[in-house]
Amino acid sequence: MVHQLKSVDQGDPSDQESRGLLTDIHVKSHIHQGPRWRTKSVMMVMTIFNIVLFNFSIVLFVLAWYGQHSVVMNAELRRASTYSPVYDSIDLSLHKVQINGTFYPPEQPSIARQMPNRAADSVWEDYERVRPVRLTRSQLIRMGKDPSNVSRYEDKHWGFGDDAYVGDLDVFHQLHCLNTLRHYAYADYYNMTALDASDENSLMVLHVNHCVDILLQEIQCSGNVGFITSNWVENQRYPQPDMSIYRKCIAFDNVVAWRNAHSVDTDMYKKVMAEP
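All residue numbers for the sequence shown refer to the working numbering, where the first residue is 1 and numbers rise by one.
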């Protein structure tokens, strides 16, 4: 019994050497494999990170490109203007135009260059005729208006429901003001009395000064910073201004067509909108 115990405890010397050798190899193997495993792990993490970063960059690029190239109707006008539902309704087709700034009228002058005549007056009158359209409460709020102060189209008269408010395009009021000044420029032709500069409280003086102020504010607000260049002209002592500058203009006929299509019945308006 004792001999067997000794045999078990001591073992074969060759076996002990083998075990020691195996243990040493196993330890060395772990020592060598540890750093290599960590290096592979770091490389894998970095690879995944780079892939994620690359994909994220692609997403940002696509979003930026889409933001710049996405088709938004009247986008350029929207950036430089306050809200108008017209921008959502029609394409105003902003385009480059050379303004006719010649001193003498062209062969086919605009209504503004013509002497008073029936045909030109008819166009002016159509421009300045009040043609109200419908607006909604949400549109008014986006314009910065208080709906509680805006006149409404009563449903019992119009059948528009409870969300119909009165509005008219500002540009036609500006044209009305311009036409008013044109009338006073040719007061005799239009059988108008010249304004009395000493009577600043007369309704006509107030009206004209209101219109001058409206047009001044419009010009100052739009603030065109295009340049008038000067050219040498034969038989002229000094360089002469070339006022035919280039502008970006809307398709104004589209605005006229939109107003005509969306305006309410003006005869009915006069009938039912008057205060009782």
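Since the hints were derived computationally from the structure, they do not count as laboratory data. These figures come from a predicted structure and were not determined experimentally. Don't be surprised by glycine CBs; every beta carbon is placed ideally from N, CA and C. Where hints are given, some of them may not hold.
What the hints assert, rightly or not - Pairwise CB distance ranges, derived in the manner of DEER restraints:
#1 163 <-> 192: 29 to 35 Å
#2 81 <-> 123: 21 to 27 Å
#3 275 <-> 63: 26 to 32 Å
#4 273 <-> 115: 35 to 41 Å
#5 272 <-> 252: 28 to 34 Å
#6 75 <-> 247: 14 to 20 Å
Taking the hints in turn, this is what the structure says about them:
At roughly 42 Å, the beta carbons of residue 163 and residue 192 sit outside the given window of 29 to 35 Å. About 26 Å separates the C-beta atoms of residue 81 and residue 123, a value consistent with the hinted range of 21 to 27 Å. For the hinted restraint 26 to 32 Å between residue 275 and residue 63, the CB-CB distance of approximately 54 Å leaves it violated. Look at residue 273 against residue 115: about 37 Å separates their beta carbons, and that is inside 35 to 41 Å.
Restraint check, residue 272 to residue 252: a C-beta distance of roughly 31 Å satisfies the suggested window 28 to 34 Å. The given range of 14 to 20 Å is respected by residue 75 and residue 247, whose C-beta atoms sit roughly 18 Å from each other.
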